[in-house]
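For the protein sequence lines, the chains are Z and D, in the order given. Counting in our numbering, the final residue of the first sequence is number 422, and the numbers go up one at a time with none missing. Counting in our numbering, the final residue of the second sequence is number 885, and the numbers go up one at a time with none missing.
Everything labelled a hint here was simulated from the structure, so no lab data went into it. Just so you know, even glycine gets a beta-carbon here, dropped at the ideal spot from N, CA and C. There could be a bad hint or two in this list.
[As the list claims (entries may be wrong)] Incomplete in silico selection of chain Z near chain D, CB under 10 angstroms:
| hint | residue |
| --- | --- |
| 1 | ILE132 |
| 2 | ASP326 |
| 3 | PRO327 |
| 4 | GLY329 |
| 5 | ALA337 |
[Stated by the list, open to error] Simulated restraints on C-beta separations:
| hint | chain 1 | residue 1 | chain 2 | residue 2 | range |
| --- | --- | --- | --- | --- | --- |
| 6 | D | TRP665 | Z | GLY189 | 32 to 42 angstroms |
| 7 | Z | ARG416 | D | GLN634 | 34 to 44 angstroms |
| 8 | Z | PRO419 | D | LEU678 | 40 to 50 angstroms |
| 9 | D | GLY737 | Z | ARG416 | 18 to 28 angstroms |
| 10 | Z | GLU410 | D | PRO511 | 48 to 58 angstroms |
| 11 | Z | GLU207 | D | SER867 | 53 to 63 angstroms |
| 12 | Z | ASP181 | D | LEU678 | 30 to 40 angstroms |
| 13 | Z | GLU254 | D | ASP873 | 25 to 35 angstroms |
| 14 | D | SER639 | Z | ARG416 | 53 to 63 angstroms |
| 15 | Z | SER382 | D | SER867 | 54 to 64 angstroms |
| 16 | D | LYS866 | Z | ASP77 | 43 to 53 angstroms |
| 17 | D | THR553 | Z | GLU254 | 16 to 26 angstroms |
Residues per chain, in single letters:
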Amino acid sequence: MKQPYGTRSLIGPLAVAFAITATIGREAAAQTIAITGGTVFPVSGPRIEHGTVVMSAGTIVAVGANIAPPPGATVIDATGKWVTPGLIHANANAGGGVAGLFAYSEQSKQGEVNPSFNMAEGIDPAAITIPIARTGGITTGILTPNGSFLPGVAIAIDFAGDRSEQMIARSPAALMLDLTDNSKGAGGGARAGTLTRIRKLFKDALEYDRRRAEFKRGATQEWSAPAAELEGLLPALRGTVPVFVNANRRIDIENALKLGREYHLKLILGGAIEGWQIAAAIAAANVPVVMEPNRDIPSFDGLGARLDNVTLLREAGVKIAIAQGDPGGERSLRYAAGNAVRNGVSWDDALRSVTLWPAEAFGLAQYGALAPGKVANVVIWSGDPFEFSSAAERVFIRGREASLRTRENELRDRYRTLPPAR
Amino acid sequence: MTRWQWCVATVGMALSTAGPAAAQATEQFKDTLSFDRPQYPSSYRRRTNPPVVIRNATIMTATGAELKNATIVLQDGKIVSVGETGSSPAGAQVIDGTGKFVTPGIIDTHSHMGVYSAPGSAAEQDGNEATNPVTAEVWAEHSIWPHDPQIPLAIAGGVTVAQILPGSANLIGGRSAVIRLVPARTVQEMKYPGAAYGVKMACGENPKRVYQNRGPSTRMGNMAGYRAAFIQAEQYRVRWDKWLKDRKGEPPARDLRMETLAGVLRGEISVQNHCYRADEMAQMLDLAQEFGFKIRSFHHGVEAYKIADLLAKAGTAASVWSDWGGFKMEAYDEVLENLALITQAGARGVLHTDSPDGIQRMNQDAAKAMYAGIRAGIPITRDQALRWITANPAWVLSIDQQTGTLETGKTADVVLWSGDPFSVYSKAEKVWNDGWLVFDRLDKSRQYKTDFNLGQTDPGVGR
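Produce the entire structure from the sequences given, and follow the hints as far as they go.
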């Protein structure tokens with residue numbers, strides 16, 4: 001089924017590398033929508049009972065308690081409903097593949113040193129996982145590459161659009177770096193070896209940047225990676241793109257923080273199973289953490305796994321972005337947030353951890369809150385978004401309503417009666 | 423019942439309760455051959471504590487009733503009353519259950535705890551004897567490590583009983599073990615006394631991938647492999663049954679692989695069949711018919727909703743997830759309403775996990791599946807959803823006469839929840855396994871740590 005998100009613009013692939021938000025207004029219809037009567041959770045401010053959210057041309061134009069819908073606006077009565085920003089999943093698959101189904105994954109490139117790898121052109125706007133993600137109230141995903149210690153760059157996409165380049169919200173959104181057990185092999189079987197390699201790559205990239213002219217003349221030494229890959233490291237080394245470091249063991253987290261200090265990196269931590277042991281240091285470095293709140297099974301990558309890790313990090317002042325990694329798919333992100341509450345996090349913080357905080361971490365300044373000027377990604381829920389009894393009833397992406405019909409629905413409806421009619 | 427059958431089918435139950443009986447048994451079998459002797463009997467013993475009275479709670483019985491402001495009394499490992507307001511037994515621990523919920527202990531039909539233990543090192547990959555497509559001779563209990571640190575985490579989720587299965591690399595992967603989740607030094611101290619063995623079978627992608635170089639490498643190759651094994655088992659069974667009748671002459675050669683499959687043909691060992699696709703499940707039902715056995719439950723039946731009528735007719739349960747899918751081709755057609763549609767068609771639905779994460783929150787998955795059904799207009803009741811994780815898995819493991827519901831006289835496998843178990847915010851607060859308080863969220867001393875946990879890990883569940 002075609003998504004109701006139309007396309008008229010022709011943006012070249014080059015534009016992908018830059019902020020795309022400028023095109024949103026042009027793409028969205030000039031339609032104005034006012035959602036009225038619901039309990040509005042702006043996230044950037046306190047909840048508003050019987051609030052109104054007005055969006056126009058892909059942008060939120062007004063949020064408040066006493067706002068009359070503009071003349072000509074389509075009014076949607078959300079009385080008794082909950083209205084939140086679209087959820088942002090900080091470790092997503094939808095569009096970039098199906099986790100585990102290799103034939104349908106675009107998130108992993110062969111080879112070890114791939115900082116230039118950007119999966120943007122591999123995104124399939126027709127992927128069945130995209131509407132499924134929307135049914136979980138997820139409007140934006142950070143797609144993360146994997147498969148080596150420097151697997152490429154993460155990109156942020158909105159889960160609507162007919163062409164992948166339209167879907168991009170930010171690219172690159174982060175440089176991925178893996179310091180978990182998985183990366184020991186890259187260092188000859190030892191963590192310290194991997195770190196040595198990373199430092200050499202960083203040093204070479206900076207030197208390459210200074211000596212481009214000589215490089216072109218062939219008057220430089222052998223580099224630790226091809227020029228294109230060294231280029232791929234530079235945005236992170238210049239601090240314009242954050243480095244999303246997966247690290248679970250305490251020493252890996254400490255090493256990540258150390259690398260951050262040495263190279264003046266803007267860090268995001270991922271995993272952080274033993275983060276609670278050095279929560280104060282993570283908070284002091286002002287590093288946000290992308291994590292699954294239920295990871296409590298000990299491994300040698302994180303013997304200190306515990307269910308209240310998310311709570312202890314939060315209590316230390318760390319900003320959390322909740323991710324959902326089990327095969328139930330990312331639509332369950334909202335339940336992961338609910339589980340963070342179950343494990344001790346406040347409800348308001350849990351909502352921030354799937355909206356505002358991932359937006360801040362990945363440089364999505366116009367996302368994660370309901371406030372004038374923000375991208376109009378809005379969800380109307382039947383009730384508490386974290387509860388199993390609730391559902392996302394209507395989802396708006398860049399100001400337009402997105403379909404919640406999934407392939408699963410087609411299958412279900414065929415087999416409602418057995419044997420099926422046809 | 424022949425002596426041989428008695429031995430294989432019930433020796434565990436007969437010898438499980440007391441040490442002296444085991445000693446007698448050794449004497450009794452002094453001059454016998456191995457097949458007449460005890461076969462790895464359970465040494466599980468119930469632990470005791472004072473009687474327990476929970477008052478003013480919402481009691482979800484899994485028998486159709488949800489009793490408000492009700493009382494349940496546990497004594498000597500049994501449920502002695504449900505819903506009545508009788509007097510407390512002397513010395514009882516009385517718990518105010520205001521605002522809290524009580525359910526039966528949760529049962530998972532599909533776990534690999536102990537055979538794929540944390541911390542997940544290569545040294546602990548003990549679940550797949552992937553050396554031959556048919557390894558009916560291996561028993562999961564001979565791999566299970568009682569100190570798998572995943573076990574206390576499952577206990578904290580309200581799980582009291584689990585079936586531990588071999589993996590799915592093989593067409594026929596070996597025997598399962600039904601265990602109580604209690605602290606133990608040996609697997610036999612966990613093994614559920616008297617529970618029948620299951621045998622793990624697997625359809626589809628896994629066996630044909632694992633054996634692609636030697637075969638089977640196709641689904642038709644899989645089918646031929648099951649059939650060849652059962653044809654052999656049929657002959658083995660006939661040969662043994664004939665000898666056992668009068669025990670004259672030399673006994674036939676003992677073959678552990680065939681012994682398990684003959685147990686299936688005799689109806690003593692249940693078939694637990696990993697099978698995703700609807701068409702393959704139908705093939706397996708035909709296979710079962712060819713050899714005259716029943717498949718007790720399909721597992722991972724992602725497409726069970728497509729043939730729920732056939733499952734109902736065959737009396738075969740479907741153990742499934744709430745929302746897992748898409749992670750491989752045979753899981754591509756997942757729907758959230760699977761359990762609801764299975765139940766609507768009159769088949770027996772079971773929520774299973776196959777996951778040391780999922781097993782910690784089976785109540786949540788039941789809730790997901792229940793509300794998905796309700797949203798789609800399939801009228802699933804709270805009781806039906808609770809049965810997906812209690813009474814129905816008990817049936818799959820043939821222990822439903824003892825556990826899986828809250829009824830007078832049944833085993834005191836009971837969970838006290840902080841709130842509605844179908845809410846994301848609720849936690850198992852207290853868990854009684856066979857009447858013994860095995861977990862208390864409010865009391866650190868009642869939070870079991872395995873040997874592996876000691877001195878290096880803290881599950882951090884105590885909030």
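Comparing the hints with the structure gives:
At about 8 angstroms, the closest approach between the beta carbon of ILE132 of chain Z and any beta carbon in chain D falls short of 10 angstroms, and the interface hint on this residue holds. For the restraint placing ASP326 of chain Z at the interface with chain D, the shortest Cβ-Cβ distance is roughly 6 angstroms, inside the 10 angstroms limit, so the hint holds. Given hint, PRO327 of chain Z at the interface with chain D, holds; its Cβ is 4 angstroms from that chain's nearest Cβ, closer than 10 angstroms. At a threshold of 10 angstroms, the smallest CB-CB gap from GLY329 of chain Z to chain D is about 7 angstroms, leaving the interface hint in force.
Look at ALA337 of chain Z: its Cβ gets to within about 9 angstroms of chain D, closer than 10 angstroms, so that hint holds up. A hinted range of 32 to 42 angstroms for the beta carbons of TRP665 of chain D and GLY189 of chain Z is inconsistent with their spacing of about 56 angstroms. In this structure the supplied range 34 to 44 angstroms holds for ARG416 of chain Z paired with GLN634 of chain D, their Cβ-Cβ distance being about 37 angstroms. For the pair PRO419 of chain Z and LEU678 of chain D, the beta carbons lie near 42 angstroms from each other, so the given range of 40 to 50 angstroms is met.
Between GLY737 of chain D and ARG416 of chain Z the C-beta distance comes to about 23 angstroms, which sits within the given range of 18 to 28 angstroms. Between GLU410 of chain Z and PRO511 of chain D the CB atoms are about 56 angstroms apart, so this pair conforms to the stated range of 48 to 58 angstroms. Remark: the range hint 53 to 63 angstroms for GLU207 of chain Z to SER867 of chain D is upheld by a beta-carbon distance near 59 angstroms. At about 37 angstroms, the beta-carbon gap between ASP181 of chain Z and LEU678 of chain D stays in the expected band of 30 to 40 angstroms.
At roughly 28 angstroms, the beta carbons of GLU254 of chain Z and ASP873 of chain D sit within the given window of 25 to 35 angstroms. Taking 53 to 63 angstroms as the suggested C-beta distance range, the pair SER639 of chain D and ARG416 of chain Z does not conform, at roughly 36 angstroms. A hinted range of 54 to 64 angstroms is violated for the C-beta pair SER382 of chain Z and SER867 of chain D, which are about 42 angstroms apart. Between LYS866 of chain D and ASP77 of chain Z the C-beta distance comes to about 50 angstroms, which sits within the given range of 43 to 53 angstroms.
Checked against the hint of 16 to 26 angstroms, the pair THR553 of chain D and GLU254 of chain Z fails, with Cβ atoms roughly 43 angstroms apart.
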